[in-house]
Amino acid sequence: MSQQEIHDWIRKQIAANDVVLFMKGTKQFPQCGFSGQIAQILGYLGVDYRDINVLDDMSVRDGIKSFTNWPTIPQLYVKGEFVGGCDIVREMFQEGELQQMLESKGVAYDKSRLTA
Amino acid sequence: MSAEAQMREKLLIGLEPIRLDIINESELHAGHRNSPGTGESHFRILIVSPKFSGKSRVERHRMVNALLSDELAGRIHALALKTYAPEEPVG
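Protein sequences appear in the order of chains Z and S. Mapping the first sequence onto our numbering, position 17 (from 1) lands on 17, and the numbers just tick up by one. In our numbering, each residue carries its 1-based index in the second sequence increased by 1000.
Hints in this document: simulated from the structure, not taken from any laboratory.
Take a look, some chain S residues computed to stay more than 10 Å from chain Z by CB distance:
{"id": "1", "residue": "Leu1012"}
{"id": "2", "residue": "Pro1017"}
{"id": "3", "residue": "Ile1023"}
To be clear about the criterion: a stretch of chain Z counts as covered by chain S if any three or more of its residues have a C-beta under 8 Å from a C-beta of chain S, and this derived list gives those stretches:
{"id": "4", "region": "70-80"}
{"id": "5", "region": "85-96"}
Predicted model only: the values in this text are computed from it and were never measured. Note that CB positions come from ideal geometry on N, CA and C, so glycine has one too.
Please construct the entire structure, taking both the sequences and the accompanying hints into account.
As structure tokens, this is what we get:
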């Protein structure tokens, strides 16, 4: 697939799913500590999300980096918008900003988990 | 020049930080499956820079990523980043 086709495919995934995590491994079996941290946070917050394992396809692994213009994986998208990588998502979660963002974008999560 | 020295130089020039900590954690990952075993693969960086004032987290990380693009494309396997403006508490 060309880079253009990969980017179109990525665009479709983030349009079709409210929350998409591009990660190494799967939500059940993360294969990198950074990916695992975001999966753990989303799991804790009870967020329903699509996990895309970039290790399954080298073109997706490279494609998501150029699509976002971001050199590392994991990458979290919410409602089609890039949120950040592991450090940013963890800081946002600890500050309660991630929960606020989910709330403002109308993404369902477990409200009893308001504090980190 | 070591990867650490090279990153330090680029960050000092590009961000004029008032604090810059670069911690090499490569040894902690020496046996890990994806570790290249070069001793220069995993870093933790803390930067306090006036250039981060008024910038979002994503914008700050993009500034650092742009300065370190060569390193990130090459020998650096993992970079944990904390970015602060001078008026923010360092946590």
